[in-house]
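2 protein chains.
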Amino acid sequence: MSIINSKTGKVKKDYTVEELVEKAKEMRAYNMVAITAAGSGHTGGTLSIMDVTAALYLKEINHDPANPDWEDRDRVFWSAGHKAPALYVALGEAGYFSIDEVVKLRKLWSGFEGHPNRFKLPGLELSSGSLGQGLGVAVGCALNARLEKKDYRTFCILGDGELDEGSIWESAMSAAHYKLDNLTAIVDRNDLQIDGPTEEVTRLEPLVDKWQAFGWHIIEIDGHDMKEILNALEKAEKVKGQPTVIIAHTVKGKGVSYAENIVGYHGIAPKDGRSGKESLDQALKDIGDPQFNQGKVDHLLKIASDYQKEVDQKVEDSLPKFSRDYWWNVTSLMQVQMEPTRNGFGRAIEELGKDEKVIALGADITSSIRMDKFYASHPERKNRFFEIGIAEANVTLVASGLAKEGKIPFIGSYGVFITGRNWDQLRTTVCYNNFNVKIADAHAGVSVGADGATHQTLEDISNLYYLPNMHLTLPCDAIETEKATHAIASINGPAAVRYAREATPIITINTTPYRFGLANVVRYRTKKKNFIEAFETRLSTDYRSEKEDLTLIACGPMVAEAMRAAYILKEEYNLESRILNIHTIKPIDKPAILKAAEDTNLIITIEEHQVGGFGNIIAGVIAQNKKYSTPLLMDMIGVEDRFGESGEPWELTKIFALTAEHITQRSRELYKKKK
Amino acid sequence: MSIINSKTGKVKKDYTVEELVEKAKEMRAYNMVAITAAGSGHTGGTLSIMDVTAALYLKEINHDPANPDWEDRDRVFWSAGHKAPALYVALGEAGYFSIDEVVKLRKLWSGFEGHPNRFKLPGLELSSGSLGQGLGVAVGCALNARLEKKDYRTFCILGDGELDEGSIWESAMSAAHYKLDNLTAIVDRNDLQIDGPTEEVTRLEPLVDKWQAFGWHIIEIDGHDMKEILNALEKAEKVKGQPTVIIAHTVKGKGVSYAENIVGYHGIAPKDGRSGKESLDQALKDIGDPQFNQGKVDHLLKIASDYQKEVDQKVEDSLPKFSRDYWWNVTSLMQVQMEPTRNGFGRAIEELGKDEKVIALGADITSSIRMDKFYASHPERKNRFFEIGIAEANVTLVASGLAKEGKIPFIGSYGVFITGRNWDQLRTTVCYNNFNVKIADAHAGVSVGADGATHQTLEDISNLYYLPNMHLTLPCDAIETEKATHAIASINGPAAVRYAREATPIITINTTPYRFGLANVVRYRTKKKNFIEAFETRLSTDYRSEKEDLTLIACGPMVAEAMRAAYILKEEYNLESRILNIHTIKPIDKPAILKAAEDTNLIITIEEHQVGGFGNIIAGVIAQNKKYSTPLLMDMIGVEDRFGESGEPWELTKIFALTAEHITQRSRELYKKKK
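Chains A and B, in that order, give the protein sequences. Terminal number for the first sequence in my numbering: 675, no gaps in between. Terminal number for the second sequence in my numbering: 675, no gaps in between.
Keep in mind that the hints were calculated from the coordinates and are not lab data. Note that the structure is a prediction, hence the values are computed from the model and not measured. Be careful, since some hints might not be right.
Stated by the list, open to error - As a list, the in silico SDA-like pairs of lysine to any residue whose alpha-carbon atoms are at most 20 angstroms apart:
{"no.": "1", "chain 1": "A", "residue 1": "K382", "chain 2": "A", "residue 2": "D372"}
{"no.": "2", "chain 1": "B", "residue 1": "K357", "chain 2": "A", "residue 2": "D372"}
{"no.": "3", "chain 1": "B", "residue 1": "K120", "chain 2": "A", "residue 2": "P468"}
Claimed, not checked - One-sided and incomplete, this derived list gives chain A residues near chain B with beta-carbon spacing under 8 angstroms:
{"no.": "4", "residue": "W70"}
{"no.": "5", "residue": "S167"}
{"no.": "6", "residue": "L230"}
{"no.": "7", "residue": "F386"}
{"no.": "8", "residue": "G401"}
{"no.": "9", "residue": "F417"}
{"no.": "10", "residue": "N433"}
{"no.": "11", "residue": "G615"}
{"no.": "12", "residue": "D635"}
{"no.": "13", "residue": "K673"}
The beta carbon of each residue, even a glycine, is placed where N, CA and C say it ideally should be.
Based on the sequences and whatever the hints tell you, model everything.
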């Protein structure tokens with residue numbers, strides 16, 4: 001069947017094989033324009049799955065773009081959510097929306113999120129992006145069909161790197177156990193994942209044997225041969241008594257000369273050494289869809305840039321306004337250097353690597369989180385680096401085994417995966433055993449940007465804080481991250497450092513005081529030619545109250561925003577703010593917090609996290625003050641019990657109301673109540 | 001090699017095959033006495049692994065009981081931590097401690113925890129108990145041997161049910177990838193798990209093919225044939241270039257007539273319809289170790305009972321004392337019915353099952369958490385029950401697929417596994433998709449008892465509260481649990497109900513007001529012939545302040561302790577307490593909390609959870625009161641940032657200072673500051 005009218009049952013369009021081949025070209029072209037316009041996105045894996053996608057959405061599955069929730073439609077689950085652009089162009093081609101819209105990929109509010117959000121576009125079955133989860137959902141959906149005696153088929157698109165995840169094998173076992181012959185999985189076997197070829201990251205072969213032993217029927221095909229694809233999909237339908245997996249052998253980056261079979265082309269936009277536009281031109285030339293002449297491409301890019309301009313305006317309008325613009329680097333007074341905190345981790349892990357006891361473990365995102373600095377300039381350390389793959393449970397366990405034997409292992413990934421996917425392993429194996437495992441809780445917060453909600457950890461403070469034996473630090477900038485990483489390495493026991501991907505202000509210097517477990521007090525003094533020179537920082541134990549009007553208690557890169565807020569509060573309203581930089585969340589500096597509450601009676605907490613994960617800890621410290629005297633006003637700034645979304649990092653900081661401008665506004669409102 | 005003197009290298013004792021067979025008998029006998037004395041424990045799985053255990057600890061591995069941390073020792077990781085008694089008797093036989101000590105199994109402070117705690121006994125390599133985690137630790141340990149050019153071997157004991165866990169397959173992949181020929185896994189293939197035969201729970205066969213496809217060398221043996229066992233262990237040592245798995249075909253309950261091959265004998269003490277003692281006698285007769293005459297058995301049981309008496313005394317001494325004894329049911333005034341909250345869940349799920357949309361999913365602990373009530377008296381519902389096995393990630397995903405299609409699926413297990421092991425699945429697949437999945441967060445808190453820390457969830461409130469779209473309820477007794485379960489079933493979206501295993505006081509009646517999202521106010525009025533008649537309960541919205549002296553804010557079965565504390569506070573000190581029963585944690589009843597803070601200025605929070613997981617939320621609500629007026633005293637009672645341990649449920653409630661007596665004492669201390 002194919003795209004049909006769900007009311008009449010009539011096929012709306014029946015493509016020939018040749019037409020599908022042409023459509024796949026068109027889809028590749030749109031895909032490349034969209035990723036170029038976004039400036040980021042998964043070039044390699046979308047191109048490898050594109051022919052399968054065209055076959056599925058334009059020929060194989062029963063669906064009706066005019067009735068996306070039609071109950072008899074076939075269901076396709078994209079477990080490999082990062083391939084979203086391929087899905088979007090397919091939905092566009094099928095008629096769910098104008099295909100030109102896909103060039104708004106990864107832009108704020110466009111719906112074309114970095115990873116699919118099922119509430120934002122028609123035709124999406126699942127919000128996905130955390131690998132290894134789609135197959136189990138497909139199992140549930142297929143079980144439902146059986147229960148309801150429905151004929152719909154269920155498909156699941158899997159990446160090959162994703163097969164590292166144990167949850168895939170749980171789901172595979174389950175599908176076979178229930179003999180789900182209405183379920184077809186398709187593995188995009190392009191042989192590459194982020195950290196290298198799959199067989200180097202963690203060997204998947206003999207892959208056919210694995211699926212067979214897990215009870216599946218296997219069909220192997222050339223994933224770029226349209227006839228073979230269609231044939232396989234038809235054959236899969238006829239297999240009875242067991243689920244079928246189609247292992248589609250593909251080429252990562254297929255169709256774009258400079259991206260084919262290149263490991264580096266996992267998650268980046270087209271660039272072959274030239275500008276984005278020139279790289280796009282080459283890509284389109286390689287793909288060879290004649291429609292994509294300069295006029296069309298310019299038209300599409302203009303849709304994207306016009307949309308972005310609208311977004312820019314709306315975001316700007318959402319910011320509270322003051323007598324002048326205090327944004328970073330708009331004037332020399334607000335001048336700061338910007339550097340991602342992950343770089344500080346990178347410098348520290350490189351230095352720490354001198355110690356033979358220090359081990360680094362990879363979870364297929366080694367370079368981006370700067371774990372690669374451990375060995376990048378030190379090839380002799382490669383024997384102390386163990387790649388485990390996309391298997392956060394196992395990386396945690398292997399690290400535990402090494403820690404048990406006296407090593408100091410570092411594990412790391414996107415924070416949500418390395419503190420959440422492995423939470424029970426952290427609890428029971430790491431913390432209960434008090435193993436000396438160090439966690440690089442990387443790419444934290446909404447500032448991850450265009451990847452969207454699935455990749456933006458906003459729950460790691462609460463997940464880690466309540467674990468006995470855990471230590472947790474959220475340094476404020478790259479320099480402090482370097483110090484904090486050294487600090488956690490020197491602790492004997494589980495410890496995590498939370499850091500981020502995006503460049504944020506450098507607000508400390510090497511000689512800024514730092515002691516793990518103690519807060520820093522930061523005070524705005526007076527305008528200076530650079531931003532950071534306008535501030536004075538002391539250890540909390542060295543600070544004497546100046547009876548400030550209020551206290552801003554912040555952690556991580558939010559400290560920079562708090563400092564800017566202190567600046568604005570003084571310059572605009574003559575209010576003095578004490579800033580507590582709580583770089584160490586566990587153990588937390590209770591005396592510094594209590595003192596601030598007593599001295600100022602007005603506390604604002606600021607976190608790039610679900611609000612209260614940090615703020616409630618502070619409230620709890622203050623509430624347990626045993627003096628019956630201090631009336632207090634308190635407010636908490638953070639993400640308001642919602643998931644993140646795709647957008648530029650600073651756009652997100654603004655729309656999630658985490659900027660100095662918002663802090664200033666909320667502080668002032670609260671201060672009015674104190675007077 | 002074997003048990004050796006690590007200083008001289010001399011073998012201390014070299015057992016013959018015949019001697020090992022006899023030793024295994026002795027170990028089985030000790031095992032049965034210990035489990036009988038404990039009153040709970042894993043009869044089936046310890047008996048199935050006992051011959052392998054004897055071979056390993058008395059013959060195969062190099063170790064020195066006089067030097068447990070000897071760096072060249074072979075390492076054995078018990079991934080299947082519930083087989084701990086087998087490990088303990090082996091360590092006793094090997095000389096790590098007097099073997100008679102093992103009869104203190106599962107008793108408070110004895111060190112012989114329900115699941116191994118490596119800090120409490122010599123010879124334990126790993127604190128384990130959450131299944132699926134040991135193999136990865138063994139991989140890390142084996143990698144360390146290679147890195148350090150050490151000859152020690154690494155072993156890992158796996159249950160077969162445990163192979164449901166995907167993390168096992170992650171670790172298996174990793175071990176093969178690194179060609180860890182110094183690693184040997186042993187699968188206790190007894191074919192049974194809690195919910196039934198492994199092949200019915202979730203099919204593992206063809207198991208040999210699975211391990212082979214994952215790159216392992218396989219040796220299959222009769223796990224009760226000592227020669228075969230020794231032979232296999234020797235052969236495994238010679239395999240080069242890949243890890244070896246020994247699949248030991250065993251009989252669950254081996255050696256004890258009434259337990260052999262009986263599914264029910266997973267986690268219970270000997271009882272074949274007769275008393276514990278008679279069942280033990282039969283077991284010992286079956287085992288046939290002549291040493292175990294009545295004199296010896298009585299001697300051992302006396303060690304256990306004497307020890308328990310000492311514990312009883314110490315626990316009793318730790319309780320704050322008052323003019324009289326206010327413990328549950330010691331007088332008619334304190335008379336309550338006791339029932340586990342899980343029964344309330346059972347009644348609700350049975351009733352809810354009438355709705356064809358309601359689905360129940362099993363995670364191999366279906367009956368104990370009362371999920372079986374869904375189908376127990378309703379065989380026609382069996383088609384709506386899906387057993388998934390020990391695969392909490394997958395059960396969450398399958399439920400999501402069903403919820404997506406309009407079903408109302410319930411998943412459940414020990415809380416730590418069904419909210420922690422699957423945390424990222426809950427976050428990304430369930431909550432981000434806002435799927436209508438219901439979570440039975442069962443066996444929560446330290447009151448789980450003898451299983452110990454690994455099974456006592458104390459972090460689920462914080463893990464769930466900060467998840468957008470989640471709903472969370474902690475009902476106070478079995479009756480309220482029934483109401484709460486109905487309440488979460490009627491919500492559209494993710495929702496969890498936390499309940500417990502142990503019987504706790506019934507403190508509500510069917511007509512007690514209950515509204516999801518609203519707190520109840522409970523007030524002690526005057527002595528009545530029954531405990532609960534002495535109290536009045538209203539919805540928070542129906543309550544008018546009586547300017548009480550203090551407020552006790554509690555959740556779950558801690559509400560009963562708070563009520564008893566209110567009773568004591570009034571009778572002993574003439575203090576009036578308002579009790580807030582916060583059965584709904586998310587969304588939380590902010591007005592009720594703020595009102596209590598304003599009216600009484602003194603708040604004590606009480607949670608059977610890491611302290612602050614609940615208390616800090618309350619503190620956060622109060623702190624954000626926008627009035628600048630109320631001085632406040634606050635204290636939080638909970639588990640003080642530590643893991644639980646093995647013991648009787650009420651013993652643990654006492655030593656973790658969670659009783660009314662402790663609440664009373666802390667309330668009074670705080671109240672003195674208010675005056």
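Hints and how they fare:
1. A/K382 with A/D372: 10 angstroms, holds
2. B/K357 with A/D372: Status violated; Cα separation ~50 angstroms.
3. B/K120 with A/P468: The given pair, whose Cα atoms are some 17 angstroms apart, holds under the 20 angstroms limit.
4. W70: 13 angstroms, violated
5. S167: 4 angstroms, holds
6. L230: 26 angstroms, violated
7. F386: 6 angstroms, holds
8. G401: Holds - the Cβ of A/G401 comes within 8 angstroms of chain B, reaching about 2 angstroms at its closest.
9. F417: Hint holds; A/F417 Cβ to chain B Cβ min 7 angstroms, cut 8 angstroms.
10. N433: 5 angstroms, holds
11. G615: 6 angstroms, holds
12. D635: 6 angstroms, holds
13. K673: 5 angstroms, holds
Comparing the model with each earlier hint shows violations of hints 2, 4 and 6; every other hint is respected.
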